[in-house]
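K.L.:
This is what each chain is made of:
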Amino acid sequence: MMRNASFITALVLLVLTGAVSSLLAYRSVPIVVATNLEKLPMEIDGYHAIEDTFPESVYKELNADKHLYRHYWDADGSVIDLYIGYYGTAKGGRTGHNPYACLPGAGIAIVEAKDAFLPAKGGAGRVKVNYILARNEYNIMMLHWYQTAGSKVMSSGLKQNVERFVGRVINNRNDGAFVRVSSTVSDKDFPGGKQKLERFAAKVLDLLPQYWPIER
Amino acid sequence: MALVRNDKIKLALLLGLWFLVFYPIVPEMVKDWSDHSDNNHGFLVPLIAIYLIWQKKAELSPAEIDSSRWGAVVLVAGLALFLLSFAGGVAFPARVAMVISLFGLLWYCTGSAWIRLLAFPVLFLLFMIPVPISVIGLVSMPLQLMATKLSAKIIEYCSIPVYREGNMLYFVGTQLEVAEACSGVRSIMSLTMLGAIFAYMSQASWGRRVVLVLAAVPIAMTANIIRITGTGILANFFGDRVARGFLHEFSGIMVFVFGLAVLGGLYSLLNRKKVA
Chain Y
-15 MMRNASFITA LVLLVLTGAV SSLLAYRSVP IVVATNLEKL PMEIDGYHAI
35 EDTFPESVYK ELNADKHLYR HYWDADGSVI DLYIGYYGTA KGGRTGHNPY
85 ACLPGAGIAI VEAKDAFLPA KGGAGRVKVN YILARNEYNI MMLHWYQTAG
135 SKVMSSGLKQ NVERFVGRVI NNRNDGAFVR VSSTVSDKDF PGGKQKLERF
185 AAKVLDLLPQ YWPIER
Chain U
1162 MALVRNDKIK LALLLGLWFL VFYPIVPEMV KDWSDHSDNN HGFLVPLIAI
1212 YLIWQKKAEL SPAEIDSSRW GAVVLVAGLA LFLLSFAGGV AFPARVAMVI
1262 SLFGLLWYCT GSAWIRLLAF PVLFLLFMIP VPISVIGLVS MPLQLMATKL
1312 SAKIIEYCSI PVYREGNMLY FVGTQLEVAE ACSGVRSIMS LTMLGAIFAY
1362 MSQASWGRRV VLVLAAVPIA MTANIIRITG TGILANFFGD RVARGFLHEF
1412 SGIMVFVFGL AVLGGLYSLL NRKKVA
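Chains Y and U, in that order, give the protein sequences.
All the letters of the first sequence, read from the start, carry residue numbers -15 to 200 under this note's numbering.
All the letters of the second sequence, read from the start, carry residue numbers 1162 to 1437 under this note's numbering.
This is chain Y alone, in the form it adopts within the complex (with noise of 0.2 angstroms):
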């Protein structure tokens, strides 16, 4: 016969589980107001901005709140792109492509990946993200990260994963973004060419905190 102690204890944590989960859903969860990010400068660090787009088969796929693709010019003609996918508390906060994964099945073959650091807001520190060179006709030279509650900066994605469930159960809230800077680089001037692409993506990373998206 089942135990009258175990059958009791059992049923109360059932019913106190089932009356916090309730009150839990009652937690509204918040939508994007104002996606900000199209704010971010046109002119950063001696460069100047054009809009671009993706085919909208792409955005169906990344299926953002909002997408973010530009290409940087600086007088001497050199190209930086900049993309940022931002994914809303009610998209789930990050995307589910990772270049990793994207650059070798589109046929760019990955030539070296490591980490790469960029002096943190303020100077206080440095910040780690990804570096990828990748090749298809040309040399594709990549820094990327994810970032979430607008200033917190990580290099892979299952620490955003850590910080956005931080987020979301302290705070109710858990967006983040997807931070890509490239650009095409010789095969003369992969020095040179990093760290022009280090210093910009130090830039945007500075501004970013300022123009991140508002939710409620």
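Hints are supplied without guarantee of correctness; some may be wrong.
BS3-like, lysine-lysine: derived pairs with alpha carbons at most 27 angstroms apart [stated by the list, open to error]: (1) LYS23(Y) <-> LYS75(Y); (2) LYS23(Y) <-> LYS50(Y); (3) LYS98(Y) <-> LYS23(Y); (4) LYS172(Y) <-> LYS50(Y); (5) LYS23(Y) <-> LYS112(Y); (6) LYS44(Y) <-> LYS143(Y); (7) LYS1192(U) <-> LYS50(Y); (8) LYS1192(U) <-> LYS75(Y); (9) LYS44(Y) <-> LYS1192(U); (10) LYS1217(U) <-> LYS1169(U); (11) LYS1310(U) <-> LYS98(Y); (12) LYS178(Y) <-> LYS98(Y).
Hint data in this document are derived by calculation from the structure and do not stem from the laboratory.
Chain U: place on chain Y using the hints.
P.N.:
The following block gives chain U in isolation, referenced to the frame of chain Y:
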């Protein structure tokens, strides 16, 4: 002491309450089952679990009902994980917590003799949980790429000129995209599920049962490569319409039947050796 009428009422009440507590996460999971072909097998899992429990009816009836402290620990851990995941807005651990809680609840309230009989059917419910999209994204692309590369090699061995770029196969008169749905993830998941059932039914040693479950992965991958290669060869001769029409769907079913047959053969082989 075995199950009496009063126990049946208590058990039914607890199970009903368990379902009510977890109901908020059920509709979204069912939507995932129907929305994505990789998760379609989710509809079958609860039915199979119920059937497996039903099969144990004769053994359960006389089994002694007891209580287990470890069951209480598992129940509390499952419920705590559920609340945390629910608050954190993460579906996967909340779904895992649903199964863990059921396991803990049954263990706590019915004891070790019952849970020994119910462990597999209850834990089998884990197969109904869709694999997170982020994990699928990480796994499916390399699998897709590997399947495309190997298929291209096999097609070349058949003296058919083919050029591969990423997941695209270019033939003389046509081209073929090996889409995410062709990564083989779906076959891996469904065949692993079937491998687990075979292992459960098997009388072989634990080691052989594990082999049976793990074998589902290479079998599914091989079947998928055969399908892509076959589609590529047919596309080369008859155009890319074979990759979209009835033949493509039919080849999917045939490849699954092939995988199931190989798995069934392995099951027979492993069991036969045990008897010998």
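K.L.:
Next step is simple, just say for each hint if it's right about the structure.
P.N.:
To see whether the hints hold, each was checked on the structure:
At most 27 angstroms may separate the alpha-carbon atoms for a hinted pair to count; LYS23(Y) and LYS75(Y) meet this at roughly 22 angstroms. Simply put, LYS23(Y) and LYS50(Y) have alpha-carbon atoms about 12 angstroms apart, close enough for the 27 angstroms limit, and the pair holds. Simply put, LYS98(Y) and LYS23(Y) have alpha-carbon atoms about 31 angstroms apart, too far for the 27 angstroms limit, and the pair is violated. The hinted pair formed by LYS172(Y) and LYS50(Y) fails the criterion: a straight-line CA distance of about 36 angstroms is larger than 27 angstroms.
For a cut-off of 27 angstroms, the pair hint linking LYS23(Y) to LYS112(Y) stands: about 26 angstroms separates their Cα positions. Only pairs whose Cα atoms come within 27 angstroms are accepted, and LYS44(Y) paired with LYS143(Y) is accepted, the gap being roughly 26 angstroms. With a CA separation close to 25 angstroms, the supplied pair LYS1192(U) and LYS50(Y) stays within the 27 angstroms bound. Distance hint between LYS1192(U) and LYS75(Y) is fulfilled; the C-alpha atoms sit about 16 angstroms from each other, no more than 27 angstroms.
As the CA atoms of LYS44(Y) and LYS1192(U) are separated by approximately 19 angstroms, the hinted pair is consistent with the 27 angstroms bound. Note on LYS1217(U) and LYS1169(U): the hinted pairing holds, with a Cα-Cα distance of about 16 angstroms set against a maximum of 27 angstroms. Of the pairs offered as hints, the one joining LYS1310(U) and LYS98(Y) holds, with about 25 angstroms between alpha carbons and a cut-off of 27 angstroms not exceeded. Proximity of LYS178(Y) to LYS98(Y) is assessed by CA-CA distance (about 13 angstroms); at most 27 angstroms being required, the pair is judged to hold.
Violation of the numbered hints given earlier is confined to hints 3, 4; the remaining hints are satisfied by the structure.
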